[in-house]
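Q: Per this note's numbering, residue 432 is the first one in the sequence shown, and the count goes up by one each step.
Everything labelled a hint here was simulated from the structure, so no lab data went into it.
There may be inaccurate statements among the hints.
[Said to hold, decoys possible] As a list, the in silico BS3-like pairs of lysine-lysine whose alpha-carbon atoms are at most 30 Å apart:
id	residue 1	residue 2
1	871	933
2	976	933
3	980	957
4	568	692
5	980	1093
6	548	573
7	765	889
8	976	948
9	692	630
10	832	939
11	736	630
12	763	777
13	906	972
14	803	709
15	765	879
[As the list claims (entries may be wrong)] Derived CB-CB ranges, DEER-like:
id	residue 1	residue 2	range
16	833	879	12 to 22 Å
17	991	915	51 to 61 Å
18	808	714	34 to 44 Å
19	989	1147	21 to 31 Å
20	915	717	52 to 62 Å
21	622	592	13 to 23 Å
22	979	1112	18 to 28 Å
23	751	704	22 to 32 Å
24	751	776	37 to 47 Å
25	700	808	28 to 38 Å
26	840	867	32 to 42 Å
The beta-carbon is built from N, C-alpha and C at its ideal position, and this holds for glycine as well.
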Amino acid sequence: MEALFKFATPAIYWVLVIIWGYIFVFYLKKINRKNEGDKLLNLLLFILAIDAFRTLFESIYFGTWYTSLSGIIPIEIFNYLAQPKIVFYPKLLNLIVALLILIMIIRKWLPSELKQKEKIKLQIKEQLDELIILNNKLLFAKERAEESEDKLKRAIMASPFPTMIYADDGEVLTINETWEQLTGYSLKDIPTIVDWINKAFDNEIKSIGEKNKSFYDLNGKAIEGEYEVLTSIGTKLVWDFSSALLGKFSDGRKLVISIAKDITTQKQNQLNLYNQKKLFETMFNTITDGVVITNTKREIILANKGIETTFGYDPEVLLGKTTQILYADIEKFKDAGVKFYDENVKNSDNFYFTLYKNKNNDVFPGETFGAKLYDTNSKWIGNLGIIRNISERQNLIFNLKIAKEKAEQSDQLKSAFLANMSHEIRTPMNGILGFSELLKNPELTGEKQQQYIDIIEKSGARMLNIINDIIDISKIEAGLMELQITEFSMNELGDYLYTFFKPEVTSKGIDFIFNKKLPIDMAVIKTDREKLLSIFTNLIKNAIKYTDKGIIEFGYQVKDNFYEFFVKDSGIGIPKIKQDVVFRRFIQADIKNSMARQGAGLGLSISKAFCELLGGNIRVESEEGVGSTFYFTVPYNINLSSQNEEHNKLNVPVSPKKIHLKVLVAEDDEISKMYLSETIGNISHTILTAASGTDAITICKENPDIDLILMDIQMPGLNGYEATREIRKFNKNVVIIAQTAFGLSGDREKSIKAGCDEYISKPIQSNQLLELIETCFNKSDNATV
């Protein structure tokens, strides 16, 4: 422990030497700065510097003393310093320093301090006077502020605009009566700005909250914006807010004033105006006619989309241009301006027709509704023009006029046709009924009876032709006429026509010529044989009807890729003015002429339709009083063979063989049933009858040995097709011949498909039926063999 103190004491002294050395230097530096503003401070720094020097000197003296005493340095130094005369000097220095400091305090410090105190007292007095004056001013300002605040409060409460003042901590300080009246919220309902936001702003809370923060910026500007505000009853108002920092409250809180303007009505009016504008634009552009609005100079300021439809111009392209661009004739443009769009024109609404031109300079007729436009002060401000392209309407009117003329002509023709048809039907009916009545006379000779029967047969054939023509023209008009294409020889068909019409032609003393120009290999044609036969028949009949002397010639040749057929006569001919209409329905060339002949006036119309169905056409060359030549064509097929010539020959009636058959006559008409029974009486040993398809099926099941069924197609209950299908389910061998009064194209195919062996149409001729029966049983025998 003694060793510690031996070295610790010298160490402490030398640390003190360092510290007081630093302090002494510090004071000297401060004194050297010469702080002229405070002499008392400079004096104090000088005293402290002297004291620091004294302390530094003593620390060095005693530090050296104890260091030598400790043996760190030679002990002789201690002995030297311990001498009384040497010890005297540090103590003397200490006394001198103390006296010096005392003198400086007495002479410098105390007077200076007294002066400082006087100065401070004077400053305090001056500040106190200033405070009194300031206080008086503050009191006056307070009174004025309170007065202003009262005025502001009254102004806010009386303001017609909703007004709110709130603090930055969220407290709502005041709202005026207008705010309460419009929203229904009192200050109690919205004590804080958060309460107001939650109640009034619905989905805009976040954005409103963010904007509120900017209100508290002392350097910020006023914040404005339009918001929808929910009232206490749930209605929505639109307010235009203007909010800004008002200042600070007495407690330091920032204040915000928010003033709103209720623009709900204004917004609704704007919305109504916008909707009206959109409605106008929609209506304006929906109008398909061209619509333009011009100024008083007739310069286009607005055009609808109908302008593009009517004229081909983009509406935007026309803006600023005069309406002259739309007129086909500049004189018409000027004339319209003088008559309808001049300042002196009194009538503001006008309707006129003129010629316009589109973007491609195509001229078209147009009707225009023009009107002058005026403002609320009745000042003329421009014009309205609605332009419609009436090309289609004029075409429609023209077509309607043509259609009307055709309809009137057609009506006249139909009336004439009906009158003629009545005559044509009543005439053979008169022959049939009249001579049937005469046949009842028992005193008639056999010769007279045969004469009357021949007349009845001719009248029946004439009526059948009329009915067939009506059926054909009805099918043509309905689009139901079908083709049955077969391959046959034209030479054979021509021979048949010549043989068939030869007696009738020669009986009138007329020469009949068949011009056969084609060899056998070129005379084979593939087309609808019945249609071709019908055309020839109609033309030859017409030639016979209208020719009283001379010749009738028919024939055919190959011309280009067609067969060209002709029928030539030396009859009355057709006037040139009627040659274009002879192929129309219901027309005879001389229907109003005293020389009109019997006929329905449908033959040529049917022939024309058949020619077109076959892929050809028909024409006439005629001279009145000289004769007529009718030409018609059918496509020529050069690759056809003649191997089926014999197959297509027309059958010549033959006498049936004496066959004993068991026959079922399925027919619901008693007269037809009686006629059929009489016709097949010589070839039958048993005749059964059925009045319906159901009865026919039952009889067939009870009589499996029936040889032949004459099946009527149209019967009550099951028709002939359905009955045939049922019979074929249990009897595959019985011969079934379908017979029908329809006589329509396709009936034979339907009958064969249903299971019939053959088909015959009414009226049935006995020899045709017997031949058909013989043909069916010959086929059956061959099949059996």
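Q: Please go over all the hints and tell whether each is borne out by the structure.
A: Status of each hint after checking the structure:
1. 871 <-> 933: violated, 34 Å
2. 976 <-> 933: The given pair, whose Cα atoms are some 14 Å apart, holds under the 30 Å limit.
3. 980 <-> 957: violated, 35 Å
4. 568 <-> 692: violated, 38 Å
5. 980 <-> 1093: Distance of about 53 Å is beyond 30 Å: violated.
6. 548 <-> 573: With Cα atoms ~36 Å apart, residue 548 and residue 573 exceed 30 Å; violated.
7. 765 <-> 889: violated, 79 Å
8. 976 <-> 948: Since the Cα atoms of residue 976 and residue 948 sit roughly 26 Å apart, the hinted pair holds (cutoff 30 Å).
9. 692 <-> 630: holds, 19 Å
10. 832 <-> 939: violated, 47 Å
11. 736 <-> 630: violated, 48 Å
12. 763 <-> 777: Since the Cα atoms of residue 763 and residue 777 sit roughly 20 Å apart, the hinted pair holds (cutoff 30 Å).
13. 906 <-> 972: Holds - the C-alpha atoms of residue 972 and residue 906 are around 22 Å apart, at most 30 Å.
14. 803 <-> 709: holds, 23 Å
15. 765 <-> 879: violated, 92 Å
16. 833 <-> 879: 12 to 22 Å: Given a distance of about 57 Å, which is not inside 12 to 22 Å, the answer is violated.
17. 991 <-> 915: 51 to 61 Å: This hint is violated: roughly 26 Å between Cβ atoms.
18. 808 <-> 714: 34 to 44 Å: 26 Å Cβ-Cβ, so the 34 to 44 Å window is violated.
19. 989 <-> 1147: 21 to 31 Å: With Cβ atoms ~53 Å apart, the hint is violated.
20. 915 <-> 717: 52 to 62 Å: Distance hint for residue 915, residue 717 holds at roughly 56 Å.
21. 622 <-> 592: 13 to 23 Å: Roughly 22 Å apart at Cβ, these two residues keep to the hinted range, so it holds.
22. 979 <-> 1112: 18 to 28 Å: violated, 44 Å
23. 751 <-> 704: 22 to 32 Å: At roughly 26 Å between Cβ atoms, residue 704 and residue 751 fall inside 22 to 32 Å, so the hint holds.
24. 751 <-> 776: 37 to 47 Å: The hinted range 37 to 47 Å is violated for residue 751 and residue 776, with Cβ atoms some 24 Å apart.
25. 700 <-> 808: 28 to 38 Å: violated, 22 Å
26. 840 <-> 867: 32 to 42 Å: holds, 40 Å
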